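Line order of the protein sequences matches chains A and B.
Position one of the first sequence corresponds to residue 16 (the working numbering), numbered consecutively onward.
Position one of the second sequence corresponds to residue 18 (the working numbering), numbered consecutively onward.
Source of the hints: derived by calculation from the structure; they are not laboratory data.
Keep in mind that a hint or two might mislead.
Distance condition first, Cα-Cα at most 35 Å in a straight line; then the derived DSBU-like pairs of lysine-lysine [as the list claims (entries may be wrong)]:
id : chain 1 : residue 1 : chain 2 : residue 2
1  : B       : 307       : A       : 65
2  : A       : 36        : A       : 65
3  : B       : 62        : A       : 46
4  : A       : 36        : B       : 194
5  : A       : 36        : B       : 62
6  : A       : 36        : B       : 41
7  : A       : 53        : B       : 62
8  : A       : 46        : B       : 316
9  : B       : 316       : A       : 19
10 : A       : 36        : B       : 60
11 : B       : 842       : A       : 65
Now the stretches of chain A that chain B is said to cover, found in silico as 3 or more residues with beta-carbon under 8 Å [said to hold, decoys possible]:
id : segment
12 : 70-80
13 : 83-89
As the structure is a prediction and not an experimental result, all values here were calculated from the model.
We put the beta carbon where it would ideally sit given N, CA and C, even for glycine.
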Amino acid sequence: MVNKQGQTRLSRYYEHVELHKRTLLEAEVIKNCLSRSKYQCSFIEYKDFKLVYRQYAALFIVVGINETENEMAVYELIHNFVEVLDKYFSRVSELDIMFNLDRVHIILDEMVLNGCIVETNRSRILAPLLVLDKMAET
Amino acid sequence: MPAVSKGDGMRGLAVFISDIRNCKSKEAEIKRINKELANIRSKFKGDKALDGYSKKKYVCKLLFIFLLGHDIDFGHMEAVNLLSSNKYTEKQIGYLFISVLVNSNSELIRLINNAIKNDLASRNPTFMCLALHCIANVGSREMAEAFASEIPRILVAGDTMDSVKQSAALCLLRLYKTSPDLVPMGEWTSRVVHLLNDQHMGVVTAAVSLITCLCKKNPDDFKTCVSLAVSRLSRIVSSASTDLQDYTYYFVPAPWLSVKLLRLLQCYPPPEDAAVKGRLVECLETVLNKAQEPPKSKKVQHSNAKNAILFEAISLIIHYDSEPNLLVRACNQLGQFLQHRETNLRYLALESMCTLASSEFSHEAVKTHIETVINALKTERDVSVRQRAADLLYAMCDRTNAKQIVSEMLSYLETADYSIREEIVLKVAILAEKYAVDYSWYVDTILNLIRIAGDYVSEEVWYRVIQIVINRDDVQGYAAKTVFEALQAPACHENMVKVGGYILGEFGNLIAGDPRSSPLVQFNLLHSKFHLCSVATRALLLSTYIKFINLFPETKATIQEVLRSDSQIRNADVELQQRAVEYLKLSSIASTDVLATVLEEMPPFPERESSILAKLKKKKGPGAGSELDDGKKEPGAEINGGMDPSASTASTPSPSADLLGLRAAPPAGSAAPTSAGNLLVDVFSDSPAAAPGLAPGTEENFLSTGAAASVCEDPALPLSEADELLNKFVCKNNGVLFENQLLQIGVKSEFRQNLGRMYLFYGNKTSVQFQSFTPTVTYPGELQSQLNIQTKAVDPLVEGGAQVQQVLNIECLSDFTLAPLINIKFRYGGTLQNITLKLPITLNKFFQATEMQSQDFFQRWKQLSLPQQEAQKIFKANHPMDPEVTKAKLLGFGSALLDKVDPNPDNFVGAGIIQTKSLQVGCLLRLEPNAQAQMYRLTLRTSKEAVSRHLCELLSEQF
Chain A
16 MVNKQGQTRL SRYYEHVELH KRTLLEAEVI KNCLSRSKYQ CSFIEYKDFK LVYRQYAALF
76 IVVGINETEN EMAVYELIHN FVEVLDKYFS RVSELDIMFN LDRVHIILDE MVLNGCIVET
136 NRSRILAPLL VLDKMAET
Chain B
18 MPAVSKGDGM RGLAVFISDI RNCKSKEAEI KRINKELANI RSKFKGDKAL DGYSKKKYVC
78 KLLFIFLLGH DIDFGHMEAV NLLSSNKYTE KQIGYLFISV LVNSNSELIR LINNAIKNDL
138 ASRNPTFMCL ALHCIANVGS REMAEAFASE IPRILVAGDT MDSVKQSAAL CLLRLYKTSP
198 DLVPMGEWTS RVVHLLNDQH MGVVTAAVSL ITCLCKKNPD DFKTCVSLAV SRLSRIVSSA
258 STDLQDYTYY FVPAPWLSVK LLRLLQCYPP PEDAAVKGRL VECLETVLNK AQEPPKSKKV
318 QHSNAKNAIL FEAISLIIHY DSEPNLLVRA CNQLGQFLQH RETNLRYLAL ESMCTLASSE
378 FSHEAVKTHI ETVINALKTE RDVSVRQRAA DLLYAMCDRT NAKQIVSEML SYLETADYSI
438 REEIVLKVAI LAEKYAVDYS WYVDTILNLI RIAGDYVSEE VWYRVIQIVI NRDDVQGYAA
498 KTVFEALQAP ACHENMVKVG GYILGEFGNL IAGDPRSSPL VQFNLLHSKF HLCSVATRAL
558 LLSTYIKFIN LFPETKATIQ EVLRSDSQIR NADVELQQRA VEYLKLSSIA STDVLATVLE
618 EMPPFPERES SILAKLKKKK GPGAGSELDD GKKEPGAEIN GGMDPSASTA STPSPSADLL
678 GLRAAPPAGS AAPTSAGNLL VDVFSDSPAA APGLAPGTEE NFLSTGAAAS VCEDPALPLS
738 EADELLNKFV CKNNGVLFEN QLLQIGVKSE FRQNLGRMYL FYGNKTSVQF QSFTPTVTYP
798 GELQSQLNIQ TKAVDPLVEG GAQVQQVLNI ECLSDFTLAP LINIKFRYGG TLQNITLKLP
858 ITLNKFFQAT EMQSQDFFQR WKQLSLPQQE AQKIFKANHP MDPEVTKAKL LGFGSALLDK
918 VDPNPDNFVG AGIIQTKSLQ VGCLLRLEPN AQAQMYRLTL RTSKEAVSRH LCELLSEQF
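Isolated chain A, as found in the complex (with noise of 0.2 Å):
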């Protein structure tokens, strides 16, 4: 998750990658999806993997699959992806998941483990961080 002024906001590995080399991918990644216009498709060819993103406001997620994967099914990911951060957030913005960053992370780890999709079902997704909360109160 990147913003429009190229700064992370939320990434995730699922293979390792050296930690001075995520900052310089990261960077690469934001660049090229930056650069183009809503006239271009949302799948750009980049290295080895192909990159599924979405822009919501001025918010980019963009997600690295390998051709093993379905470029519309990861698209529609996204989106499922951030109506659950909807709901959890109620109306979610870039401050919420600056603030919430573990809560983001749960919800991400809810939804994807390992780079496999887990769970879909928004209810559930949210239900562990939901008994954090609870106890979190108490």
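Dock chain B against chain A, hints included.
Just chain B now, kept in the frame of chain A:
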């Protein structure tokens, strides 16, 4: 609740983040971060126990700092401590920290494993899930060792909660990917497959990913998943849009699961069982039908989800390639998408149609969309979509539309993006050759290519046009005339000069009758370009000149004058100077007859697969429409049917072989450094351009004989050098496997029983980055079923001077004789390098030494007395016969050395067991040196004939 965390409690975090955002410079940011790190460190180190809330706050800060690209070198221990907390909140934060910040080779793994073990045993589903997530995210070898046997049990146990099952499935997938040898699937297979029947959709979703991965490795074991997947799919597809409740996404039932099921089915051929097949076809038809129905929702999410399934269904239809009806329907559906207003759909439709074009059932249907596709090539605003359109045109091209497609591609080339020009050039060149009905059209097309995009015309392309012209005498006159005209342009591309020089040198006589292209006019035209050209081209032109002297005696004086001039005969460049001197001498001392023989017209090139095609295949894997190239699926499109069949596939080593065809012509002096220093590059690489400017001689010498031989496209050449390399590693495990001017590959390996681990170290010896660096392991022959090698992709970029490491996990399944190959491809300064090596994995690596007494040895020796169990070889010693060295080699080979077994103390006796997964082979060996005759006799006895013979072969090469 979320609102709380935004509030006052997290002020510290808010302040920190806004501080960071306000930092004006990188330095300021680093300073602020260091301050914060110091603060957190002191908080962690402090005596006061932190409350849960502060812990959360600090971990959030650390995550944020990590996100900014700063390494976090503390807090790990604190996080591990949190794991053992009983509070869910604390445990959760501990696991989160570890999942994100700890990599798989941390020394803390053992402690983490302990905590995980406790949580897995806790029977508390939330704790179990956390632990499983952590394994799935970190997934180290040690974790696999600790939990590989536990996870399958959790996965299939009847009383496991659904959410735990989901995590367990993906956790197992991760362990299987990292350490397949540790995951025993045998007994779990059928129960894992039956997860496809699970009531819970989430469980099925996770299980499909696992099964897809497993069945790629063991397709036979998992065959039963096909029918289960079909029935599951059928239930989803036929369900009403509300049946699946929460798994319905914008009125589409379980879209992601459907996609995954369709993907799983692509691991197998069409089901044999008629009922299953019928049901599947019905499903696919339903999916296609739904695409035509009015949408249940106007929301784009609805149609996206629907289309995701549709594209996957089409992939499956193409994969089966057996249902003409479905294929044509798929094509029509994609045809509709070609004009859709959503760019994404147009892109995907073009991509998908590209594979449809190669099916004989749908090729014609795809062709009907040619106008739309051409239009896309011209009007699409997105380069990636245009690229897909070009791919599709290439794939749908056959004899009926070749002229139209080639001309469209040529005109596109004038405005094409730089990034795809080279590829388009290759495609045009291939299509023009493949579908050429008359070769004048072919020559025109290639010359147009050079004119429009000369910089992107690779050597293969211009070599090829020359080969074809030389091989076909009906086009030679036309070619000479055309290049002559093309060279009239005031500024023409150097590649044009090369082609022109070569063709006029061979066939200039065919147009010399016309006074407008008389010999002298031709010569002056070529020579007017001479000074602007590179050394390589100038060398070629010099050869043209000497050919002119033979073709047109009247030009002799003029040309000799040129050769004699200081700028030639004293040229600073050794190659040019040598040519000038030799050609001058040749022309003055040789008689006309000798000259005519030496400078005879080039003989036809031997027919071979086009090297351009090979280049394109390499350049672009999927989407290049390479299926088309083998022509097998294309109906009615007899490639060049009416023509001389040999000409259509004509191709050759490059004509970079000296124009004169003289082996002696290139000066030996300058050839030597290339062939000596570049031996490996030459032998392993596949084009003369593979090592641009490496050795001082390379560039100049590309016109000479050495370079021509290196244009070999066969990646698995049984090279004697490769065998020698391999022999070097039979008795040792570490060393340098390969080295040339660009790359050094070191190897380090260890073997235990039937398993092994090999580390390959790729060192970039240059100062330039290697791009798209991809090593791939391949198995020649039946090795695939005998050896299993797991590896991860390495980073495609290798910086200058850097070294990257690749780990191969090896499992020996049964005895084998061939060595696995590793193919390394990368781009170095724009040229593709392609190296294929044998991996030093030989059967003896899986030797386990066995000690035994003399008595046992002889008893066993006698038991193995069948003639086919013994292999014997008598051979000459290649190295000094030193008993200590011999001992070391035998030990390195893997067998035990048995003392006092053989009555003759000079002889060596060894024993061991070859460990493979499927069987163990006991081996006895005896080596008898004969110092006087400098000979050895080696005898191997094992229970398997092939093993005896192979070990004997391997070992006999060592002395």
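Q: Verify the proposed pairing of residue 842 of chain B with residue 65 of chain A, using a straight-line Cα cut of 35 Å.
A: Measuring from Cα to Cα gives roughly 20 Å; hence the hint holds.
Q. Holds or violated: are the alpha carbons of residue 62 of chain B and residue 46 of chain A at most 35 Å from each other?
A. Not satisfied, since the Cα-Cα distance of roughly 40 Å exceeds 35 Å.
(Q) Next pair to validate is residue 36 of chain A with residue 194 of chain B; report whether the Cα-Cα distance is within 35 Å. (A) holds, 23 Å
Q | Hint consistency between residue 316 of chain B and residue 19 of chain A [alpha-carbon to alpha-carbon, up to 35 Å] | A | holds, 26 Å
Q. Does residue 53 of chain A pair with residue 62 of chain B here, judged by a C-alpha cut-off of 35 Å?
A. violated, 51 Å
Q.
Hint check: residue 36 of chain A vs residue 62 of chain B, CA-CA at most 35 Å. Holds or violated?
A. This hinted pair holds, its Cα atoms lying about 31 Å apart.
Q: Measure nothing beyond the straight line between the CA atoms of residue 36 of chain A and residue 65 of chain A; if it is 35 Å or shorter, mark the hint as holding.
A: holds, 18 Å
(Q) Cut-off 8 Å, C-beta pairs, minimum 3 residues; does the coverage of the segment 83-89 of chain A by chain B stand? (A) Since three or more residues must qualify, the claim that chain B covers the segment 83-89 of chain A holds, with 5 doing so at under 8 Å.
Q. Within 35 Å, alpha carbon to alpha carbon, are residue 36 of chain A and residue 41 of chain B?
A. holds, 23 Å
Q. CA of residue 307 of chain B to CA of residue 65 of chain A, is that 35 Å or under?
A. This hinted pair holds, its Cα atoms lying about 28 Å apart.
(Q) For residue 36 of chain A and residue 60 of chain B, compute the direct alpha-carbon distance and say whether it is at most 35 Å. (A) Holds, at about 30 Å.
(Q) With the threshold set at 35 Å, check whether the alpha-carbon distance from residue 46 of chain A to residue 316 of chain B stays at or below it. (A) holds, 29 Å
Checked against the numbered hints listed earlier, the structure breaks hints 3, 7, 12; every other hint is satisfied.
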